[in-house]
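Using the hints, position chains P, G and F with the ligands against chain U.
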Amino acid sequence: MTVESTAARKPRRSSKRVSAAKKPQNPEPQLVQLLTPEGERVQHPDYDIDLSAEELRGLYRDMVLTRRFDAEATALQRQGELGLWASLLGQEAAQIGSGRALRDDDYVFPTYREHGVAWCRGVDPTNLLGMFRGVNHGGWDPTTNNFHLYTIVIGSQTLHATGYAMGVAKDGADSAVIAYFGDGASSQGDVAESFTFSAVYNAPVVFFCQNNQWAISEPTERQTRVPLYQRAQGYGFPGIRVDGNDVLACLAVTRSALERARRGEGPTLVEAFTYRMGAHTTSDDPTRYRHDEDRAAWEAKDPIQRLRTYLENEGHADAEFFTVLDEESDVLAKRVREAVRAMPDPDDMAMFDHVYADGHALVDEERAQFAAYQASFAEEGN
Amino acid sequence: MTVESTAARKPRRSSKRVSAAKKPQNPEPQLVQLLTPEGERVQHPDYDIDLSAEELRGLYRDMVLTRRFDAEATALQRQGELGLWASLLGQEAAQIGSGRALRDDDYVFPTYREHGVAWCRGVDPTNLLGMFRGVNHGGWDPTTNNFHLYTIVIGSQTLHATGYAMGVAKDGADSAVIAYFGDGASSQGDVAESFTFSAVYNAPVVFFCQNNQWAISEPTERQTRVPLYQRAQGYGFPGIRVDGNDVLACLAVTRSALERARRGEGPTLVEAFTYRMGAHTTSDDPTRYRHDEDRAAWEAKDPIQRLRTYLENEGHADAEFFTVLDEESDVLAKRVREAVRAMPDPDDMAMFDHVYADGHALVDEERAQFAAYQASFAEEGN
Amino acid sequence: MAVQKLPLAKALNESLRKALETDPKVLIMGEDVGKLGGVFRITDGLQKDFGEDRVIDTPLAESGIVGSAIGLALRGYRPVVEIQFDGFVFPAYDQIVTQLAKMHARALGKIKLPVVIRIPYGGGIGAVEHHSESPEALFAHVAGLKVVSPSTASDAYWMLQQAIQSDDPVIFFEPKRRYWDKGEVDTEAIPGPLHKARVTQAGTDVTLAAYGPMVKVCVEAAAAAAEEGKSVEVVDLRSMSPIDFDTIQTSVEKTGRLVVVHEAPVFYGSGAEIAARITERCFYHLEAPVLRVGGFHAPYPPARLEEEYLPGLDRVLDAVDRSLAY
Amino acid sequence: MAVQKLPLAKALNESLRKALETDPKVLIMGEDVGKLGGVFRITDGLQKDFGEDRVIDTPLAESGIVGSAIGLALRGYRPVVEIQFDGFVFPAYDQIVTQLAKMHARALGKIKLPVVIRIPYGGGIGAVEHHSESPEALFAHVAGLKVVSPSTASDAYWMLQQAIQSDDPVIFFEPKRRYWDKGEVDTEAIPGPLHKARVTQAGTDVTLAAYGPMVKVCVEAAAAAAEEGKSVEVVDLRSMSPIDFDTIQTSVEKTGRLVVVHEAPVFYGSGAEIAARITERCFYHLEAPVLRVGGFHAPYPPARLEEEYLPGLDRVLDAVDRSLAY
Ligand SMILES: Cc1ncc(C[n+]2csc(CCOP(=O)(O)OP(=O)(O)O)c2C)c(N)n1
Ligand SMILES: Cc1ncc(C[n+]2csc(CCOP(=O)(O)OP(=O)(O)O)c2C)c(N)n1
Ligand SMILES: [Mg+2]
Ligand SMILES: [Mg+2]
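Protein chains in written order, with the numbering used here: chain U, 1 to 382; chain P, 383 to 764; chain G, 765 to 1090; chain F, 1091 to 1416.
Okay, chain U solo, but in the shape it has when bound (with noise of 0.2 angstroms):
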């Protein structure tokens, strides 16, 4: 099954409220488009959206302010106060389109990077900074915005989003499931068993592979030979591959797969192809191993400049939402910064919760001792 002939069978819808698409101009037919570097919007014979002003200009929204918050925080690394930061810049489109076309009842499953995707689950942002700070592992509770907790291990999570969407489907609901990953990721033994158990069970699950052409400094070529949407095809779903840098098409994109999962059609894989314009984290050196050139080339394609150019020139957006925008930028940055600083060490005693739900007498013991051994520095007034 091609990813056209299911795309195909999607109703299409055809008023278009904004402006219709100007010219056919996609320069790689495979690679989903509707919104150029140039910010023209162009037509896709099986993928469209149709979305009001006030919709693109939250997309913009969403994508700047995701951006702002990204950057705060690697300012917060270099600062002292977070340990380690793993910046998006340059995946804010393939995270905002994406997130966008999710509903509420829907479940993520994310990587360690996923930050625009949380801020559209409604995730604080100031959570996600726990576990880079080094006071938790994991900020926030994942029932309450149906966005799981980071996976560090790679690929691990695709395997958790397959067996919740196996457990979505068992209960007959027809909400879905999205899981991310890397490129890198796509070689994990784990990514692959994902796709056989969706497969096998139909499960409504979306795999969402940001393919932003590094794995550290591992270029996508040490990953595969092909392009990476392909690999779904050989397992008996459709991929397909969308410009991540271009938000309406990878909203349109991902609501069409998530669709599809809800019609209990089963799994799909979008790949998203776009750039780490980044280190790979605050710890990495990318000079080491790729060319300022490759960055330079992916700047004229960024995601947030290229929605911005069409919303001023279609005249969705008005010199006034900009500045309003910046201003809601700065205290964003200025609220994270703040909640970052206030941020409390974990209490010693953290370390020995939660590790059973049930408890267990050796964490029992451990703790009596080790507070009893924390006790006697006290009273000896160490």
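Misleading hints may appear alongside valid ones.
Said to hold, decoys possible - Using 25 angstroms as the maximum straight-line C-alpha spacing, the simulated DSS-like pairs for lysine-lysine come out as follows: (1) U:Lys170 / G:Lys812; (2) G:Lys799 / G:Lys789; (3) G:Lys769 / G:Lys789; (4) G:Lys994 / G:Lys1018; (5) F:Lys1202 / F:Lys1286; (6) U:Lys170 / G:Lys789; (7) G:Lys789 / G:Lys876; (8) P:Lys552 / F:Lys1306; (9) F:Lys1115 / F:Lys1138; (10) G:Lys799 / G:Lys782; (11) G:Lys769 / G:Lys980; (12) U:Lys170 / G:Lys874; (13) F:Lys1306 / F:Lys1320; (14) F:Lys1200 / F:Lys1115; (15) P:Lys552 / F:Lys1138; (16) F:Lys1272 / P:Lys552; (17) F:Lys1138 / F:Lys1125; (18) F:Lys1125 / F:Lys1108; (19) G:Lys1018 / G:Lys782; (20) P:Lys552 / F:Lys1200; (21) G:Lys1018 / G:Lys960; (22) F:Lys1272 / F:Lys1095; (23) U:Lys170 / G:Lys876; (24) G:Lys1018 / U:Lys170; (25) F:Lys1095 / P:Lys552; (26) P:Lys552 / F:Lys1125; (27) U:Lys170 / G:Lys782; (28) G:Lys1018 / G:Lys980.
Stated by the list, open to error - Facing chain P, a subset of chain U residues (Cβ under 7 angstroms, in silico): (29) Arg68; (30) Asn146; (31) Ser187; (32) Gly189; (33) Ala192; (34) Glu193; (35) Ala199; (36) Val226; (37) Gln233; (38) Gly234; (39) Ser329; (40) Asp345.
None of these hints come from the bench; they were simulated from the model. For each residue, glycine too, the CB sits at the ideal point set by N, CA and C.
Leaving out everything else, chains P, G and F with the ligands in the frame of chain U:
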């Protein structure tokens, strides 16, 4: 890249020493077949083979002797001489066809069922029985016949084969490597990782999947919803499905894949579509999960019978050939029976041998302690 | 009738049946658990009665099985996973150690992982490689997991019930060579705590501590020793994480001597943990060092050697004698 | 110049360089080991000098890395595999335990598996989850593997040479928080045996046994104790499988007291094995039970808690005092 385009590059040999195919009549276009269940030679646009009568008789002999050996092993298990046996009944063509495509310098990584391939490699059949009798975990030197030990943990050996093939390429040799695995194994993450590694490093390895349609009690639908040969494409190398009960097609397709590997064009996945005629092992009871009708349908596709029909129809073998072969079978069976019965139990102390190549203080200590402990009974006259 | 005499395997089967009946969220997952009923028939008849939706034949991929079970648990299910043999749990080890064990803590308690992983373990059935191992220490070392093993049909029934009811991940090691041993099961009993050891046999001279398949050997050893006038106490540990050190301590304070017996290799095995901790707790009570009887530091040998490899009656008695000789 | 003062990380780098120079069959494999030189720069410059064919960036799949390394070893190569962090070794655990460890024995000695798996391990660097673990016991329990860990730059250099030369699979645990500690390395020395412990510091009252990152802490503890008039002997074990019990025994026969220190959780950790065996060997010499200082039975905590979690000077001294109090 499709299988067809690759195969087409192979120089075609036009001289047919033996009868040419009569008429193309392949029921399933995806399935490479050169000899129908009725024993008729058919042509395939991309694969052909050109064998002398002697070679054809050789393949027939291999299959018959393998089957006889296998039957004898099953009998020996029933008689209590073996703890377990994994019969290859029905898979003789897949194993002899692929096994006879190999050169001496090629290297084989089998599962636990490749008795026919072992036969082709010149491994003494009685050596295969040691592990099933419980006297060792592998009774042959893998380097003598370039035939690795049986691997029981499903799928693991596909990675060993990949690594070995990477080594072959590093050495600049034009040998190839073949990894056997089953339809069930196709779900293991290790198999997927071996696809990734072999594709990325362009390793000269052929993945030979015997899809016998069952993984113990689970039909192939529990592992995949599309034919398994298609799995390869998403990893960037060709996959091809061959009639696994057609020894000529298995030989032709494997040979072509091996040549591709030798030419430095990387891995190929061959799916030999066949049927496990017996139980999974002698411990298994297939009546619990599958119907006799299926088996009956596959009996009509028997790999040995179809070649016999062809040999007889074409006059490539006379009655004497079959009589002599029957006698040879009896001799083989007798030799195996006697060898197994004579197979000594290992020495008690053998369990301490070869745990390490360079020794280990604890093993030495435990060996000495156990020897002293054993000796204490001798002293007591126990 | 509440009290039945059942083989251990059947007790497990009945326990799974009860769990499926009682809680619609309980699922059975694994290779061949459906029509075949598992290679040991522990899930026999369950798919027939509860359907493919609750008793699920999985693809042949252990990481996938445990990983998807985690996802199902996050969705509110209580998966009971079968690993076909001890030696095949390792492809799932990463999911067990890095995800299943740690996710509750990672989420600061906000999510629970009620997943049971059943593993038939141990030797003595004449099997080929990878079918006879005892990897319990590799799980007990990992915080976040609980590790138990029943030795009787009754414990098999009840401990599995309790494991399924537990909100923590439990690695449930089944003594496969005792599957066919019969014992009385009272399905209306009120079971004791899951992680409490039991004094199976009272004695005064030496304590034998064991779990799973070795309990029977120890009980037999106690009987043999009794004939020689030695009074041996046998403690069935039942749980390898947590370990009920109090019960062992009480016994050792009485006997002054302890021998720990397990099939797993001695080196870094559970006997080491017990020896270390009991020595600390009972330093002034011990008349002899804690001795350990177990597997050698070697791969589990081919079947024709397993009788020598496995700790049997004689090796246990030898250790009892050595302990008493101090 | 044969004697240089090098950071431990650089000593490893030099050792790998030497191995690549000396033996054309030596290969380096792992994630980011090429241009980046590894996240800790242990392989810095090696790909540049020895080429992509010998220093191999691999796909992001640890099972694949170890599994293909096994295949390369079967072809006659000597792969030195880098696992990026301790917590990421588990996807490879199956290949390590069921294949790498057992294949030599399975083949009755006919094939050899000279594979080294380098794992930066332990905490103290303020990292996120899975980057600070000490899983050595999970390997040492497995027959067929050797497990070592250097504590100094010199040992790093020489033990890695020896591990690569060994025909057995060696799990080589690198104390990542000591990577930047400098020490003298004599590249022309004749090293002692790989699996022999070393008395780092002589003493008479208590023995401290440790390895890898905790040796430094123990040496500091010995110095602090000396100020209080306590004479502490420190044994650097260097090898966790095999363990050089003779050296520990000799020390304990002198001091009568032993404290084992490691970062890994105490429960089922290497301290348990050492306590059990040394108690057996030195039953009449021990004035106090063997005490253990190590990690708690909890997942490695977030960075802001690691100072409390990790056994530091005070906890070691506390154990020394408790031992002496017997
Ligand atoms: C199993 C495992 N191995 C190694 C790592 C170390 N590591 C963290 S991120 C990363 C690269 C991931 O690349 P990709 O999947 O492309 O995601 P990206 O970071 O580009 O978003 C690696 C190797 C890990 N976290 N888990
Ligand atoms: C990792 C692992 N899991 C489970 C098993 C138990 N097991 C042995 S054979 C088998 C089925 C294999 O099916 P398939 O790959 O189709 O090969 P076939 O037996 O049909 O030749 C299973 C589940 C195993 N050997 N290894
Ligand atoms: Mg990436
Ligand atoms: Mg099969």
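- [ ] Below or equal to 25 angstroms on CA atoms is what counts here, so check lysine 1018 (chain G) against lysine 170 (chain U).
- [x] Status violated; Cα separation ~55 angstroms.
Task: Restraint check for lysine 170 (chain U) with lysine 874 (chain G), where alpha carbons must lie at most 25 angstroms apart - done: holds (23 angstroms)
Open item on the list: Checking one constraint from the list: CA of lysine 552 (chain P) to CA of lysine 1138 (chain F), max 25 angstroms. Satisfied?
Closed with: Holds. Lysine 552 (chain P) to lysine 1138 (chain F) sits at ~18 angstroms (cutoff 25 angstroms).
Task: Given pair status - lysine 1095 (chain F), lysine 1272 (chain F), alpha carbons within 25 angstroms - done: Between lysine 1272 (chain F) and lysine 1095 (chain F) the Cα gap is close to 6 angstroms, so the pair holds against 25 angstroms.
Open item on the list: Between the alpha carbons of lysine 1095 (chain F) and lysine 552 (chain P), is the straight-line distance 25 angstroms or under?
Closed with: Cα-Cα ~36 angstroms, so violated.
- [ ] Measure nothing beyond the straight line between the CA atoms of lysine 170 (chain U) and lysine 789 (chain G); if it is 25 angstroms or shorter, mark the hint as holding.
- [x] Measuring from Cα to Cα gives roughly 10 angstroms; hence the hint holds.
Open item on the list: Given a cut of 7 angstroms on the nearest C-beta pair, is the interface hint for glutamine 233 (chain U) held or broken against chain P?
Closed with: The hint holds - glutamine 233 (chain U) has a Cβ within 7 angstroms of chain P, the shortest such distance being about 5 angstroms.
Open item on the list: Between the alpha carbons of lysine 1202 (chain F) and lysine 1286 (chain F), is the straight-line distance 25 angstroms or under?
Closed with: holds (23 angstroms)
Task: Satisfaction of the aspartate 345 (chain U) interface hint, Cβ to chain P closer than 7 angstroms - done: violated (39 angstroms)
Open item on the list: Quick check on glutamate 193 (chain U) please, does its C-beta sit within 7 angstroms of some C-beta on chain P?
Closed with: holds (5 angstroms)
Open item on the list: Hinted pair, alpha-carbon criterion (25 angstroms max): lysine 1306 (chain F), lysine 1320 (chain F). Please report holds or violated.
Closed with: Measuring from Cα to Cα gives roughly 18 angstroms; hence the hint holds.
Task: Satisfaction of hint between lysine 1125 (chain F) and lysine 1138 (chain F), Cα-Cα up to 25 angstroms - done: holds (7 angstroms)
Of the numbered hints stated above, those contradicted by the structure are hints 3, 8, 16, 19, 24, 25, 29, 30, 39 and 40, listed in ascending order.
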